[in-house]
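S.K.: Protein sequence lines correspond, in order, to chains A and B. Here my numbering = 1-based position in the first sequence + 44. Here my numbering = 1-based position in the second sequence + 11.
Errors might be hidden in some of the hints.
Unchecked claim - What follows is a list of derived Cβ distance ranges for each label pair:
{"no.": "1", "chain 1": "B", "residue 1": "THR109", "chain 2": "A", "residue 2": "GLY97", "range": "55 to 63 Å"}
{"no.": "2", "chain 1": "B", "residue 1": "MET467", "chain 2": "A", "residue 2": "GLU101", "range": "29 to 37 Å"}
{"no.": "3", "chain 1": "B", "residue 1": "SER29", "chain 2": "A", "residue 2": "ALA59", "range": "51 to 59 Å"}
{"no.": "4", "chain 1": "B", "residue 1": "PRO101", "chain 2": "A", "residue 2": "GLU179", "range": "53 to 61 Å"}
{"no.": "5", "chain 1": "B", "residue 1": "LEU199", "chain 2": "A", "residue 2": "MET147", "range": "27 to 35 Å"}
{"no.": "6", "chain 1": "B", "residue 1": "ALA28", "chain 2": "A", "residue 2": "ARG95", "range": "42 to 50 Å"}
{"no.": "7", "chain 1": "A", "residue 1": "ASP171", "chain 2": "B", "residue 2": "SER200", "range": "41 to 49 Å"}
{"no.": "8", "chain 1": "B", "residue 1": "VAL466", "chain 2": "A", "residue 2": "GLU179", "range": "50 to 58 Å"}
What the hints assert, rightly or not - A few chain B residues that don't get close to chain A, going by computed Cβ distances all over 10 Å:
{"no.": "9", "residue": "ASP38"}
{"no.": "10", "residue": "GLU118"}
{"no.": "11", "residue": "ARG141"}
Just so you know, the hints here were simulated from the structure itself, not pulled from any lab data. Every value quoted in this text rests on a predicted model; they were computed, and no experiment measured them. We put the CB at the ideal spot given by N, CA and C, even for glycine.
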Amino acid sequence: VGATSDEEFREFVNARGRALLRVALALTGNHHAAEDLLQHALERTFARWSRIGSDPEAYVRTAMYHTQVSLWRRRRRVREVSVERTPDRADTRDDMYVTDQRMAVREALGRLGPRQRAVLVARFLEDLSEEQTAELLGCTTGTVRSQTHRALNRLRQLAPELRAVDLTREGIS
Amino acid sequence: MTGLCELVREELADQAASGTLPVGLGDRVVGVVRRRRHRRQTVGAAVVTLAAVAAATVLTPRGGAVPATGPGPNAVFAYRESDAAGGPVPWRVLNPVTGDYRALDVETVTPPTADLRRMAVELPTSNGRRGIGIYDTVSGLTTALLDLPGPLGTPPRISPDGRYVVAGVASTSPDPTDWFRTLMLIDLSGGPGELIDIDPELAAAATTLSFRGNGVILAVHGEGPIWHPDGRHLVLGKAILDLRGQRVATVPIPEHMMVTALRSDGAGTLALGWGVQQRGLSTYALVDARGDITRWLPELSCAVGETDVPSAVPVSPPPTADPSVSAGPDPSDAADPYHSADPPYSADPSDPSASAGPGSDASATSDPDPSASSHPDTSTSSDPSASPVSSGTPEPDYSTSPDPDGSESPGPRLACWYRQFLSWRGTDAVLMTDGERFIAVDTRTGDLRMVRPAVMPPTPESAVIVSAEHLSDQARQLVSF
């Protein structure tokens, strides 16, 4: 890797880093973890820069997904604050209800396993098809479908108020 | 697309838009990689030397060695290797005779037959189609059974007696919550596969119950149909179905709880509750055969100490009675999971952990590194090698260490972000994982102890844990824990 490659790589990071960080933020849910994830993926990419073809962004993106669901990321001390739930629920017609829903979704997303969260990011943030998601994650489309289902079910388990979302969402949007 | 999907999309988009690219990230990466290469070149010889010293140290007998431990009640039947290299992730599956693990390149691994000799697998076939096969754990051979027209909705599962294989057939609906409505049932004694229609509501609420451990039913939420231990019924959520897809019985647990593991002796159920005030978002509870909660299991704190204690939790002999489920109406309506007579986490009111639920208002103590924290051994266990982290120790972690995002925690308890039930351990203990470690929980006392299999799966939550009962003596000595 020579000086030219160094410059090419820096230009690539400057040009596409923001978009890649966006994915990393969605995958991890917090800034420091996202920066760690992106930097790790970029290090892997730069180490193979001369052998990577014309689409380094795809390489970085794949590396981030794979890294996020692999062992070593999980070995970090990832913590979250468990908060007491309020017994009262807001009226489904209130703006407060919408805010509560978003907070519930955020909290529940933070408790999803990395694999399930990665599937949701690919499907719902990046709008990838089941086939594209399967290729990205190295699994079958059936697995993508089942993981998506499990992730949504898990969200409903973690945040019971979301179980009513499908019935009320149309009325509040 | 459902409203929940829209909410998830909006929330992920918000989170994705919330950061700014660190200044000089490209320069930093280039510097890190170059320094790493330089170090590799310069320390190579030193590494060789250190390796030689380490090898000599390991091979030299010393006093005070780790005490020998006998076979335990559990074994890791299958685990997935790390995909740190970014490549395919093969499974390693136990040979129950030799105790060796053999690589198996399949998408999913499911619980085997009760004798651990066979397992159903999903096979890739031509043109993106999928097939169902049977893997022989002793010979290592896979036999194709059926070629399917499309993807499976759920992994194929073989019945405990090896007579049937069942799998969900994936729905073609674009709605991701519409998962499967049809089961494929294959009678291995002969005959073609049979399609069974099931109630879509049952499929939507599907909770996998599987058969790991001592013949007990376990569950992983959100997966597909699994076998009742009798091999003639299927379980979906709380519903017990016959092989025609008709609901014939209900597992008795309170409303708002989900079955996690049904004891095969009928003495109770391990259930998962969520949204339970004062007990965190999701907490495991023991439910008796009538559907009443008898004990809440302690939260797994990140402060659980690393204690390499194989078989630390005493276990009872495997149950032999038929699994008991209640037939008839669902009794859950009569029980109130929020008003159990059992005190939180411990029957001892003086137990400091008893009031230390995730929502409790306890004051903070400093514990900057849970993985390195030490806990006083207050156990009364007769096992001198055990250093348990019991409910009587300062198990709750009110750490004020910074969160990953750098902010200070304001005071509520910090809990591990990931908990999952893995297996029963005899009849009075369960194995759980926080994503990194195996933690045995004594369901009678609430004590937590670390246990470590001889083969440590990189991702414990995806490992398949079985009872070591049907292993050969050789294999049991090698892999049970």
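S.K.: Against each hint, give a clear statement of whether it holds in the structure.
M.R.: Each hint tested on the structure:
no. : hint                            : in the structure
1   : B:THR109 / A:GLY97: 55 to 63 Å  : violated (44 Å)
2   : B:MET467 / A:GLU101: 29 to 37 Å : holds (35 Å)
3   : B:SER29 / A:ALA59: 51 to 59 Å   : violated (21 Å)
4   : B:PRO101 / A:GLU179: 53 to 61 Å : violated (19 Å)
5   : B:LEU199 / A:MET147: 27 to 35 Å : violated (50 Å)
6   : B:ALA28 / A:ARG95: 42 to 50 Å   : violated (33 Å)
7   : A:ASP171 / B:SER200: 41 to 49 Å : holds (47 Å)
8   : B:VAL466 / A:GLU179: 50 to 58 Å : violated (31 Å)
9   : ASP38                           : violated (7 Å)
10  : GLU118                          : violated (6 Å)
11  : ARG141                          : violated (7 Å)
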